[in-house]
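A.B. asks: So you can see what is in the structure, the chains are spelled out below.
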Amino acid sequence: MLKNRIIPCLDVKNGRVVKGINFVDLKDAGDPVEQAKIYSDGGADEICFLDITASNENRDIIYDVVEKTSRKCFVPLTVGGGIRSIEDINKLLNCGADKVSINTAAVENSKVVIDSSKKFGAQCIVVAIDAKKKGDKWEVFTHGGRNNSGIDALEYAKQMEQNGAGELLVTSMDRDGTQLGYDIKLMSKISSKVNIPVIASGGVGNLDHLVDGIKFGNASAVLAASIFHYGKHSVQEAKEYLDSKGIPVRI
Amino acid sequence: MKVTIVDYNSGNISSVINSFKEVAKNKVNIEVTSDPNKIKLSDKVVLPGQGSFKSCVEALNNIYGLSDVLNEFAIINKKPLLGICVGLQMFADVGFEETETKGLGWISGKVSKIDNQDGKFKLPHIGWNQINIVKDSKIFKHIDNNSHMYFVHSYEFVPNDKNVISATTDYSSNIVCSVEKENIFGTQFHPEKSDKIGLKIIYNFINL
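Line by line, the protein sequences give chains A and B.
My numbering applies: residue 68 is where the first sequence begins, and numbers increase by one.
My numbering applies: residue 561 is where the second sequence begins, and numbers increase by one.
Rather than coming from a laboratory, the hints here were simulated on the basis of the structure.
Fair warning: there could be bad hints in the mix.
Distance windows between CB atoms, simulated [as the list claims (entries may be wrong)]:
1) B:V654 to A:K200: 15 to 23 Å
2) B:L768 to A:H210: 24 to 32 Å
3) A:S259 to B:K673: 15 to 23 Å
4) B:V588 to A:N81: 42 to 50 Å
5) B:V588 to A:D127: 31 to 39 Å
6) B:K722 to A:A121: 38 to 46 Å
We put the beta carbon where it would ideally sit given N, CA and C, even for glycine.
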């Protein structure tokens, strides 16, 4: 039986983890390679890096981070943030990323998803959708949530599936950072709209939220950042909790 | 000993290279090449594959002499070869992804789309699934039945001779996820992405 995945996400800026696990025995709490290794040793089903580097001159640091991580972690590694072109995707994959997550570029230029899926295979193309509720609909935002594209998130999700996305990473902007839990309605609506796996993101504050994302949001995988930071919960704890609630996980 | 990973523009093979180097620990020489002459001199060959069946077969055929030397290696000289994902699928006679495409024909059978039962099962089949070991395979030494492996695929290999199947996984139906036919091995899942247990399979192959 296919297991639901738990994916810890690390925000990386200028090659350093912005928030992270704060263990006493950690040599360098800001080192993304070391943090990723802790997660993979702890049973993470995948690792996600979100590169939030703003300045152009530091954009290449992420390649070095990915290369070092992929030599130490033998679970899938997804990298997102700032991907603009096929060339960016090619570089990340060559450095050892297994998947890339494309956000703004997928909205601005549909060819990026279509062409990269054809060239590298749908298995490595994740489209990240940042959605914000408006009335009884959700709209797609770009540029790290700053710009409203006005596009309907459900229609967009279907379009991205047709364009060749292998998975959708859906983040509720209303919930992101609130610790109030995923936007379950958004997740379940998108999940029933498409036949590709949906990864739920944005808003996890406790382990029950992970359960809800899978049980009621119908997500195939749940992504979380802050609950795994500062040692609040370990990935292993999360898995044992999901297991106790009858959700199939890899233990 | 020299183990060669065939680099034929079949998509992203960095993870395969990293995992084999991790397991080899400088004791075994891991070479990455598409040069038929170097492949000929190898002791073992790894045939990765990502993307579609059609694109992988085309990429293989685009390198002059490559399919001939692989055939000589695996079929005539009967040296150990491991196919991963589409690398395994290419063992078949024919694949139906994008369009009907002829495979290597090493293990008689076809590659067809997983039946998603009218949307009940999402495709691609992505994530960790358990393997049901149905036959002793040399690459499953010290691998427990029901171990979790990482999968990502929408097509499945359906061999004609069921005796080649060494493991299946349950997704919509019992999907063939590992085969062994004499010196030819294949996994539909990605041992290079399946954590310590996956590295053990790579270790087993290197130490055959």
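A.B. asks: Could you tell me which of the numbered hints above are not met by this structure, giving the numbers in increasing order?
C.D. replies: Violated hints: 1, 2, 4, 6; rest satisfied.
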